[in-house]
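Asks: Residues per chain are reported as follows:
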Amino acid sequence: MSMAATMMEIGPIFALILVGFLPNEVWRVLGLVLVSGLDEDSQILVWVRAVATAMLAGVLAQLVLSSSGALGTVPVGVRVGAALLGFVAFLIGKRSVFLGVLTGELAIVVGMLAFGP
Amino acid sequence: MTMEPYLALLLLGVLPSEMWRWIGILVGRGLDEESEIILWVRAVATALVAAVVARIVLIPPGALAAVPLWVRLVALAGGVVAFYGIRRSAFAGVLVGEAILVIGMLAFGG
Amino acid sequence: MTAAETTPPRSTVQAFRDGLVAAWTSVFVLVLLGNYVGIGALAYEFGFSLNWMLLSTVLVWAAPAQVILISTLNTATLIEVALAVTLSSVRFLPMVVALLPMLKTKEAGAGRLVLPMHLTAISVWVEGMRLLPGRPAPERVPFYNGLGIGLLAAACVASVFGYVLAARLPTILAAALLFLTPMALLMSVSRNSKTLIDKLAFGFGLVVGPVLAAHKVGLDLMWTGLIAGTAAYVIHRIREAAR
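Protein chains in written order, with the working numbering: chain A, 1 to 117; chain B, 1001 to 1110; chain C, 2001 to 2243.
Keep in mind the hints are simulated off the structure, nothing from the lab.
Idealized CB from N, CA, C, for every residue including glycine.
A portion of the hints provided could be inaccurate.
[Claimed, not checked] Derived Cβ-Cβ restraints for the label pairs, each shown as a range: (1) B:1099 x A:53: 49 to 59 Å; (2) A:94 x B:1058: 53 to 63 Å; (3) C:2134 x A:14: 25 to 35 Å; (4) C:2215 x A:5: 19 to 29 Å.
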């Protein structure tokens, strides 16, 4: 499901729940949370964060794997490899975002020079 | 280069985590800030509902499309006038608006 | 001693029934019925199934959000619809925050509050704010649930009525039925527009909306809300500062 999806692609009921029920209910739930004083560690928040993270991962995967745009000229394997290298560098650098991004970018540039048009 | 992936990034990446801090700040600052923000938010929501009304009147579905545009607009305006004219009565507004629509349809179109 | 303290508290079932009665005798039920007859008709004309429409009434329980869903889901992308719905429902936050404390008790957990939270909509909330203070604390949750479910059930019935009617009425009456939704929305906004900022926001929205839609701007509902609403807010601030 791409970001430009319409209801036609996921069906009316799923669409109702995803873009009707959820965005609408979120304000009520927020109100309940504020009133009942749930804190950051409550299970609901843990779940929400998990779902959001999963969705974000999905979007990122799509960005890396999609074959449109400038990145599309680079073979898929190279793109995935560059992303992985960046992640490994992030871990090695003691969770350094800077190192991860730098490594990933270098890898993709090398990849483009080697495999691109 | 579309904006959508970045929008997703903002919505899914930042909001769930940042939201709680913002809320904490909001609640901490007390009523003043809160009511200004609420005021702005209400204005945005009101404008949105207005846009929805306009959309239905200007891009009407089904049977409503059989009514000439100007009849729809006059009926809408008539309803608002009736509302303000008859002691802010929503009932009067709806009644007058509908009446103008039906009469307009009978006389001029449909 | 007040009446709330001298009369013996009513049972949960009795309080719930009181809520139902309050719902069906309230002045808001007429407005609600009118709104939802219109929504039913709109759902039919835009090609949604009766079951979908009922599900939307029960799950979303907010007329403006439902109208947005019905009128844009066919053509807009999901993210546009999601943004518009999100913006249209912000008012639930202060509503729930204002009302739920009246239902809280020290012993009960937040679980009891989930149903009242979901049932909160404009008409339910207004009646709740008015009637809850007169009720002893143990009765309030079942009463509010009765109030909410009563109004929700009435809305469902009205929506089915509107849906079926739209399928069978001749063109002129069907058009009038469809027109009910913009009229009802217009009236409810007009009634709540007592201050300048509300009126400006509405007026600007009426103008900016069609302009953005005509230029086929993506997310036009969201942008209209932001642009027109912010413009109204800015003018309000300028006037406040000038005083």
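Asks: Are any of the numbered hints broken by this structure? If so, which, sorted upward?
Replies: 3
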